[in-house]
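Let the sequences and hints guide you as you build the complete structure.
Listed here are the chains, written in short residue letters.
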Amino acid sequence: MTARTTGTLIVGGGLIGAFTAWFLARAGRSVTVLEKGLVGAQSSGANFGNLRLQGRDPRQYPLSLRAQAIWEEIEALTGESCEYDRTGHLYLARDEEELASLHRYAEISRSAGLVVEDLDGPALAARFPYLDRGILAATFSKRDATANPRLATLMVMRAARAHGAGVLEHCEVVAAGHSGAAFEVETRSHGLFRSEHLVNAAGAWGGEIAAQFAEEVPLFSAGPPQFVTEPLPHVIAPSMQRVSGTVIFRQIPRGNVIVAGYPRTASDAQNLRTRVPPHKTLDGMAGLGLLAPMLRTAHVIRVWSGVEGYLPDMIPIIGPSGTQDGLFHGFGCCGHGFQIAPGVGAVLADLIATGRTDTPVEAFHIARYREGVQANEKFAREFDSR
Amino acid sequence: MAPILIVGSGPAGMSAAIALARRGVRPVVVSDAPHAGGQGFRRLNPQMALDARRIYGAEARKYEALHRDFEAILPQIDYRPATLVWAIYEGKAFILRDGQAGEIAWSGLILAPGATDRIMPVAGWTRPGVFSLGAAQIALKDQGAFIGRKVVFAGSSPLLLLAALQYRTHGARDIAVLDTTPLGAKLRAAPGLRHSPGTALRGLRLMRALKRLGVPVHQGVRLEAIEGADRVSAIRFTAPSGQECRIACDAVALGHGLRAETQLAELADCDFAFDAALRQWLPVADADGRAGERLYLAGDGACIGGADAAIAGGALSAEALLAELGEPGPSARRRRLRGTVARLRRFQRGLAGAFRWPHEEAGRLADTVTVCRCEMVTAGEIRTAVRADLGPAEVNRVKAVTRCGMGRCQGRFCGPALAEITAEASQSPIDAVGRLRAQAPVKPLPLSAADTRS
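Taken in order, these protein sequences are the chains called A and B.
Using this note's numbering, the final residue of the first sequence is 410, and nothing's skipped along the way.
Using this note's numbering, the final residue of the second sequence is 587, and nothing's skipped along the way.
Hints were generated in silico from the structure; no laboratory data involved.
Please note: incorrect hints may appear among the correct ones.
Computed Cβ-Cβ distance ranges for the label pairs, DEER-style [unchecked claim]:
id	chain 1	residue 1	chain 2	residue 2	range
1	A	205	B	560	37 to 47 Å
2	A	83	B	409	54 to 64 Å
3	A	278	B	181	49 to 59 Å
4	A	97	B	259	34 to 44 Å
5	A	215	B	409	28 to 38 Å
6	B	406	A	213	18 to 28 Å
7	A	198	B	461	20 to 30 Å
8	A	149	B	259	53 to 63 Å
9	A	134	B	259	49 to 59 Å
10	A	278	B	334	48 to 58 Å
11	A	145	B	564	15 to 25 Å
A quick note: this is a predicted structure, and the numbers were derived from the prediction, not measured.
We put the beta carbon where it would ideally sit given N, CA and C, even for glycine.
Laid out in structure tokens, this is it:
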């Protein structure tokens with residue numbers, strides 16, 4: 025079988041792969057996406073759907089803001105809907121420790137240029153009367169948004185295809201290397217591919233691709249407990265979140281309340297799933313009832329999770345390989361990849377086209393694992409052994 | 134040591150409990166039903182003065198014996214009716230009883246969750262006045278009521294005849310049966326029915342009784358639409374001759390056979406295989422119903438087999454579980470039960486030919502017909518999603534894109550039609566489009582349950 029040749033090969037048909045393909049194809053470059061299963065079926069399609077700007081890692085703001093600008097015009101550019109909704113985002117503090125986090129996050133967000141509004145108890149009660157009066161304070165950021173993850177990746181991938189990108193589903197990569205002249209990627213079902221550039225956007229499976237180029241990273245997969253209620257009258261406008269991350273919820277116009285929260289649960293990556301322990305569903309239900317007592321009579325109709333790639337320092341791997349010219353990584357997004365995905369795609373496309381990017385992503389370079397990485401303080405709190 | 138847990142209190146669950154109690158074992162029996170009996174042997178509401186002989190006919194004695202035996206062992210079992218098992222995880226059942234959440238650990242698990250109606254949508258099937266066939270029977274057994282004054286029993290199932298006769302003998306005069314399977318298919322399936330001549334004979338007696346009572350039974354019809362303004366006023370169908378017909382009615386009981394309830398088996402990690410004869414995915418179990426370590430499946434939830442197979446299968450799973458736990462009983466009994474279950478399931482597969490699931494109707498459904506009642510998703514929306522660029526030919530992905538199967542019933546009613554439409558629109562074989570993954574909660578769970586954990 026003769027090898028197929030393409031300018032850039034992207035391993036992984038998630039949202040990062042889709043945006044990278046879209047940017048490259050739009051610039052007239054040849055690009056092919058290899059997806060082992062179906063486009064957008066893993067964490068890109070199973071996440072909570074938050075496009076949250078508040079409270080991000082300070083090193084990520086330039087990337088996040090670039091991403092948000094793309095989200096804001098993506099439906100117009102593709103001509104399709106992914107239920108993008110500029111809902112705003114409310115951080116809630118219910119105890120002193122959360123209050124301290126609330127103020128710290130607000131300061132970081134403002135220093136990145138984000139407009140963050142402070143709301144004390146009475147202001148909160150006036151504006152969101154359905155929230156529990158035990159909430160001490162909140163911060164509101166109106167540029168934050170939400171979108172439907174089940175639709176977004178397909179939408180972007182279709183747009184990439186319309187610009188000429190190749191997209192192959194059920195195309196699993198079994199080996200990847202560089203011959204000295206080109207990348208050579210062997211697939212289980214579609215034979216050999218050759219390319220000048222290679223993008224590793226394999227999400228929770230990104231570690232396996234990196235390892236093919238002698239770059240070992242401590243990537244592991246996990247997923248948050250998530251559930252959704254039956255449809256209820258639509259009253260909750262912004263996306264809401266306890267600053268501790270134990271409860272995150274939003275209501276879609278159809279009326280269902282979608283809920284997520286930490287701690288996450290380790291995935292069964294072999295079987296492509298994360299089982300949600302029922303006690304975590306009950307914890308989430310109790311936690312939601314505490315924040316929005318009116319929801320106590322609502323019924324939970326469905327529970328789910330995803331398979332997300334995490335790294336101990338809770339930031340992704342983005343940028344050029346440390347061992348192989350022409351290889352670029354964009355994976356391990358640690359549960360916050362949905363919002364930054366367009367930014368990551370734009371940065372990777374910049375790097376492939378020009379060898380440089382104006383968006384600072386050095387902090388996310390894979391080489392940091394050569395020196396050893398300190399676990400993030402969030403790490404212990406947001407995962408557990410159960 | 135943790136107890137043996139039986140989930141379900143239909144014929145299979147009752148029979149498993151009776152078998153265990155007789156061996157001196159005290160199982161926990163949990164069921165979301167308030168009374169034991171399941172659907173086929175549903176306990177008649179005592180306040181309604183219903184006559185079991187008129188409802189159950191030749192089966193009345195079996196009905197009475199099963200309930201009598203179950204009542205006799207009540208002191209020897211831990212019976213928890215009206216208790217929902219909403220999840221199974223790491224060897225525990227997560228339950229909800231009186232709004233309170235709890236957990237039950239087990240040393241052995243017998244799942245006997247039964248089956249629900251399988252429905253092929255037809256234009257107008259979401260109109261008020263359309264019930265599932267099972268619901269039409271529940272109205273009678275639970276409330277002593279009919280679903281309407283002029284009821285048409287439509288679809289493809291031997292239960293159409295049974296329900297029609299139950300209605301007729303209770304005084305419903307204006308009723309009719311519309312059976313979508315042609316007589317020819319029934320004759321072709323006849324050899325398969327030899328596995329249980331008694332059951333086949335009961336079917337013939339049903340036919341004769343309906344004829345004697347003047348109930349019209351049309352076979353080989355094609356359902357076209359259920360009509361009406363606010364509610365059902367007529368059902369339109371094409372007769373085998375090609376003639377368009379209409380029957381005025383104010384209620385329709387719709388059923389195209391049964392669909393095994395398999396969510397708990399999936400949450401308990403069972404493997405699944407596609408059963409081509411029954412045209413549905415079923416959990417994989419051996420001849421004893423063993424589907425995993427100290428895990429057994431019995432009754433229609435394991436494989437559609439009817440009440441007799443459920444009674445034998447329940448006892449069989451109990452005997453096999455005891456043997457696995459190191460307390461084997463007489464092997465002749467197990468052999469006999471195994472033979473009964475296998476024979477009745479073979480019969481049921483034959484019956485699946487005599488009362489066909491009209492899967493090709495999915496392709497004929499108008500784009501405007503609602504398939505998912507919970508999320509109001511139409512056949513056209515499913516087709517559009519499947520045929521779109523990068524459109525999925527896998528039901529879970531179709532669900533993700535369209536919301537079909539995402540609502541309160543979790544695809545238990547729209548799932549079979551969703552699979553057929555997906556297969557048809559993607560030109561894929563039915564077993565290639567997958568099956569909807571089960572997710573907890575098995576039924577909706579009130580948020581307040583979380584506050585009641587002990």
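So, going through the hints one by one against the coordinates:
no.	hint	result
1	A:205 to B:560: 37 to 47 Å	holds, 41 Å
2	A:83 to B:409: 54 to 64 Å	holds, 56 Å
3	A:278 to B:181: 49 to 59 Å	violated, 40 Å
4	A:97 to B:259: 34 to 44 Å	holds, 39 Å
5	A:215 to B:409: 28 to 38 Å	holds, 33 Å
6	B:406 to A:213: 18 to 28 Å	holds, 24 Å
7	A:198 to B:461: 20 to 30 Å	violated, 48 Å
8	A:149 to B:259: 53 to 63 Å	violated, 42 Å
9	A:134 to B:259: 49 to 59 Å	holds, 52 Å
10	A:278 to B:334: 48 to 58 Å	holds, 51 Å
11	A:145 to B:564: 15 to 25 Å	violated, 58 Å
Hints 3, 7, 8, 11 from the list above are not met by this structure, while the remaining hints are.
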